[in-house]
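Chains as they are written, first to last, in this note's numbering: chain A, 400 to 648; chain B, 382 to 692; chain C, 1010 to 1336.
Honestly, the hints are just simulated from the structure, not real lab data. Accuracy of the hints is not assured; some may be wrong.
[What the hints assert, rightly or not] Just so you have them, the derived chain B footprint on chain C, three or more residues with Cβ under 8 Å: (1) 1091 to 1101; (2) 1211 to 1219; (3) 1230 to 1244; (4) 1247 to 1261.
Every residue gets a Cβ at the ideal spot worked out from N, C-alpha and C, and that includes glycine.
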Amino acid sequence: MTPSITKTEPAIELAGLTHAYAEKTILHELNLVVPQGEIFGFLGHNGAGKTTTISILTTLLRQTAGTARIAGLDTVRDAQEVRAKIGYLPENVTFYNDLTAYENLAYFARLSGVENVDERIDEVLGFLDFRGVEHKKLKSFSKGMRQRIGVAQAILHEPEVLFLDEPTTGLDPVGIKNLRDIILRLNREKGMTIFMNTHLLSEVAKTCTSIGVLNKGRLIYNETLEKTLADFPDEVSLETIYVQMEEKI
Amino acid sequence: MRKDVPPLVAVIVRNEWRALLREKTFLLLLGIFLTMTFFSVYIGWSTRSTTNAIYHASVAYLATQGVTNVIPNPLDGVSPLLVFDNMLIYILLIGALLAIVIGHRSFIRERASGVLPLTFVRPVSKARYAFAKLLGIFLALAGVVFATYSVSALSALLIPALHLSGIEFLYLLGFYAASFLYLGIFASLGLLFAIVSRNESTALFIPILLWVAVVFIIPELTTGQNPVALLNPVTLANAFPDQGKFFSLMSTIFGPISIGQFYTRSALDLLRSNGAALVVPLGALLAYLAATTGVSAYALGRHTSANDLQL
Amino acid sequence: MNRSPHIITIARKEVKDASRNSLFLTLAFFLLALTGISILVASFAFQSQVAQYHAALSQLSPAQLQSIVLTQPAYYPLQMLRGTVEYLEIIGAVIALVLGYLSIAKEKGNNTSRLLLTRPVTRNELMGGKLLGASVMLGTLVLGIGLFTVVAISGIGHVGFTTSELIKLGLVLLYTFGYLLFFFCFSAALALFISDLPRALMLAFSLWLVFVLIIPQIGDTMDPDNQVPGGFFAHMHMTQNGQEAVIGQFKHYENLRNALEVSSVEKHYERLSFATLGIKTMYNDKSLGFIMNDKWPDLLVLLLFLGAGIALSYAGMSNKRIMAASP
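Could you put the whole structure together from the sequences, leaning on the hints where they help?
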């Protein structure tokens, strides 16, 4: 039943993706291809439709028209198969506070069909340099610690595509740097494709390989970071480029 | 300019009411409470008139069996105000929950919305704040009780066969005044645990568990009646037979804290238009109200001065 | 992929989570304490009855003894459970409501629902896991109360249970389990269908107040026989036939009262349990066949309520509803 995935399938593919809610169109015919191995930064104002897009891509929401594919699989028709291929870190991630870090992770690992749960948790916590907290209850965790457990739950089952929704919200500068390092390592060492919603442009410049800009539900820009910087040779930072793009609309 | 500024206490009290009247939980419970108030007189009256009719039918039946020496109607000479006796149960149950919610929300609202620091960076002393909060709660409760009295009095007027004299309307008012004392205790307990407990659901459930103790456990331990029987005003109205050493021991131990029984005793005496035996139970209710209010006021002043403000 | 382990994984997590919730534990412990108090009170009340019987006996002269018939109060252990059943129907229902609410609110109130729904778990597995978890917890609670009851009654009354009594007790524990599971499903469904969580809890609580406390209370106080302590008809020295002949003249009133009572699931549970335990004296010491012949409609209604509750909770489980409160 599971369609075979070849290396040539893009990690993410949106075709005419449209979503409307209560007679208001939130996404207008988005067309987007994110090849495998990219770190894609999805930029836009609050309310531009970024979280709606991520919700559709992670099978949480059904679009009203168009298609969304993950590694060639349709997010509506093949939802269960898609779920096995993706990892997701929601904005302001929270957990079962009365359970320990280990218990929370084991729960989500089992639901993702991970077999050697203990080994995987140990491996992932080692990768995140976060061993030693397994048996503490989540309610004692700081925001930064929660975020690491959030990343851990998202990568336990070695997904092909990782979705991060505003991952830096509420983190201090050290937390932001740690998270950035983790994202880069996941991409380089594990070959994960990463799709990141954000409005922290300085982070995009340091981590992403390509960007898309969403404005009022329309994709107004989509290029590699390299090309973007080349397209705007006079601008000193991504912030000023972004402001220019928005002003053109 | 300063003359036009209303006193701080009035500002806090008014804010308390405004917020309360927008609480859906409060409005829902109030709706149930007033609806039941309206129907309780009808339920009481129809039960009484049906029982009277059943008495006459029984006498007629016994006559056909040759029994003529029948016992007089047990309902003869019973105070007409006792048609309100179901209200006692609704106050014991719904009223107490409503009072807990009023007290509980009064503080949780402030803490959850994070406005406490905004209040205390203003020239409001802790004492005045505590006084205004409690005044707001008690005035709101008094409003609820008065609304209930009005609904009761009105629905009594709607039943023409039920004739209440002026003095009986006064006793009815007395019944609601006793109810206010009982409800005030629960409102201040709701407030107290909202202040001292960090967890919102624990804060709500502790006074509810105390309520279960007052309404069910203590009366059960001291009288041997089952929980559901304790929700029947007729069971409550009658002196309990001496049931032996265990129950008299329990009465000695729990008697002094039996708030529910202090209330039911005084409320039923008022409904029987009997003012003679009221002093002890009403005095006890008043003392408990003063104590719980005092402790809540203390907690309000103490807890809001510490790190609570950084919530 | 094998489907059943997901349900078990979810159920195990539900149990673990609730077993660390101090509110749930406090309420469960409280219910156990109430059971203990009820049995103790019932036993002492029985002891007082026996003492009164002996006191009355000793006051009678030998001549009076021949003309006056005093019946010795008979001890039936299951009848000691009246208070326990009443607490289960009132407080037990609250515990089940809290559990059902928490089970949904935990996911919906923070965004763990997003973590759950992006995994290969179906919505039915999710609800199935929650129901299985609740069944384990409520089952343990009910079983715990059952065991406690047997130990307490045998300990206090020094009287063992016959096999038939144990079977009847087991049956009542099963009814209790079904009754509590209904409240779990009902409050879980409300938490799913109503987007605002505190409002869902308050509504569940208000419906509990109306259907568990108020309506049965109205039915009880409207009963003419309850208007006089010890019973109106007993006070009038009326026979059972006379009583029926008189009540027959007030059919409308009795029908209204009965209609009120049967609208509450609690009353069905109570009637069924009181008959099975012989608390309703006409069923005392009767065979199960005899009791069921009369009480099957109450059992049927209880099962219908449970079925509707389960169906409603499954119907409520959707991505949209369980994420409604998420950011």
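message = Tell me whether the statement that chain B covers the region 1091 to 1101 of chain C is true, taking a Cβ distance below 8 Å and needing three residues at minimum.
response = Coverage by chain B holds here, the residue count being 6 at a Cβ distance below 8 Å.
query = Counting residues of the region 1230 to 1244 of chain C whose CB is closer than 8 Å to a CB in chain B, do you get three or more?
reply = This one holds; 10 residues, not fewer than the three required, reach chain B with a Cβ under 8 Å.
query = Counting residues of the region 1247 to 1261 of chain C with a beta carbon closer than 8 Å to any beta carbon of chain B, are there 3 or more?
reply = Holds: 7 residues of the region 1247 to 1261 of chain C have a Cβ under 8 Å from chain B.
Within 8 Å of chain B's CB atoms, at least three CB atoms from the region 1211 to 1219 of chain C: coverage verdict = With 5 residues close enough to chain B, the hint holds.
Taken one by one, the earlier hints all hold for this structure without exception.
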